[in-house]
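Generate the whole structure from the sequences, applying the supplied hints.
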Amino acid sequence: MKYPAVLGVDDVLPMLDQFDTIIDARSESEFALDRIPGAINCPTLDDAQRVLVGTTYKQVGAFEAKKIGAPLVAQNIARYIETLFADKPKDWKPLVYCWRGGNRSGSMALIFAKIGWPVVQLDGGYKAYRAYVAAALENPPLLDFRVICGTTGSGKSRLLETLESIGAQVLDLERLAAHRGSVLGHLPGEPQPSQKMFETRIWDKLRRFDPSKPVFVESESKKVGNLRVPEAVMERMRASPCIALQLGRPLRVQLLMEDYHHFCADPSALNAQLDHLVQLHGRARIETWQEMANTGRMPELVDQLLVEHYDPAYLRSIDRNFVQYPKAETLALPGISKDDFVAAARHLHG
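Counting with the UniProt record's numbering, you get residues 1 to 350 for the letters of the sequence shown.
Please note: incorrect hints may appear among the correct ones.
Claimed, not checked - Result set (EDC-like, lysine to aspartate or glutamate): computed pairs, CA atoms no more than 20 Å apart in a straight line:
| hint | residue 1 | residue 2 |
| --- | --- | --- |
| 1 | Lys327 | Asp144 |
| 2 | Lys114 | Asp20 |
| 3 | Lys93 | Asp10 |
| 4 | Lys327 | Glu235 |
| 5 | Lys93 | Asp123 |
| 6 | Lys93 | Asp20 |
| 7 | Lys114 | Asp87 |
| 8 | Lys88 | Asp20 |
| 9 | Lys222 | Glu235 |
| 10 | Lys223 | Glu174 |
| 11 | Lys205 | Asp172 |
| 12 | Lys213 | Glu329 |
| 13 | Lys127 | Asp11 |
| 14 | Lys58 | Asp47 |
| 15 | Lys127 | Glu28 |
| 16 | Lys90 | Asp17 |
| 17 | Lys327 | Asp339 |
| 18 | Lys196 | Glu231 |
| 19 | Lys205 | Asp10 |
| 20 | Lys114 | Asp91 |
| 21 | Lys196 | Glu138 |
| 22 | Lys196 | Glu161 |
| 23 | Lys205 | Asp144 |
| 24 | Lys114 | Glu82 |
| 25 | Lys205 | Asp17 |
| 26 | Lys67 | Asp47 |
| 27 | Lys213 | Glu161 |
| 28 | Lys93 | Asp11 |
| 29 | Lys196 | Glu28 |
| 30 | Lys127 | Asp46 |
| 31 | Lys88 | Asp17 |
| 32 | Lys127 | Asp10 |
| 33 | Lys222 | Asp91 |
| 34 | Lys90 | Asp20 |
| 35 | Lys222 | Glu174 |
Claimed, not checked - With beta-carbon atoms standing in for the labels, derived distance ranges:
| hint | residue 1 | residue 2 | range |
| --- | --- | --- | --- |
| 36 | Glu28 | Leu110 | 21 to 27 Å |
| 37 | Glu28 | Lys2 | 30 to 36 Å |
| 38 | Gly350 | Glu28 | 27 to 33 Å |
| 39 | Pro71 | Glu28 | 17 to 23 Å |
| 40 | Lys127 | Lys88 | 25 to 31 Å |
I should point out that these hints are in silico values taken from the structure, not numbers from a laboratory. Because the structure is a prediction, the values reported are computed rather than measured. Here a beta-carbon is modelled for each residue, glycine too, at the ideal position from N, C-alpha and C.
Right, dumping it as structure tokens:
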């Protein structure tokens, strides 16, 4: 094969794991929004340089813009070779891409090939990759989903984590979305990814699953925080067999106190989230709950939220959205210790 080899997504993505390094040559802001899984960012033009070159292109012309951009691209690529890639052997096989597979990745791929590395450049770049992922999520693989259902605080997320730790296949949408899936589910200090990044994470998980083995997933709603679960994936989940996880309410309160301990330390953050429930419960009820938070009555508050908000909402939606829930296998947890979840996971995983 002649290098740099320019290959399309249909050739590249099935062998994505065979590349030694995946290099995203776009700017840092483009990379932050979404990228091919496992990619590292080596901008041939950073954000400020792109603005400079783009402004010159619009105000002066393409020739002058290229004269400014070319030395910047050369300097950046040289720096990466001297620092990141100086120790790479002759058979090091990188994949390089940019927005459309044009000048930015082409320049890097050409220099790599001149050095002697068997570099592959992604034809169509990130834009072609994104179209591939979007199409793949419209027709996801036929997987044997097993949906973990249960009221808020029943330990669904902990069970998924435990299942994964013992080798089961798990699609943890809340973890991929960096959100616990409820009005109080924002994770402190961890912003949610972009919608495109969320979809990339889902696609990357789905492509790695063995279709002959079950995939455990939680009974999510269509949105996890601000992010939407792809519709076709949601439809597959909602048509799948269910497992009804059961845990006594006092233990659910205890589990939620552990999982949401940050609200105990900062009641103002909890109260800001409770404001979103005014339309459902009225200002008077919300102010009562906020006063409980301010005076340290957190267990009582959590219990009331379960009884008056979360449990009714769950019972209204579960039968309607998950058609096999009436036939669900019941799995009762005796406690919330690590051993309790390991025993439950082993029962499901076999």
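- request: Of all the hints given earlier, name the ones this structure violates by number, lowest first.
  value: Failing hints, ascending: 17, 22, 33, 38.
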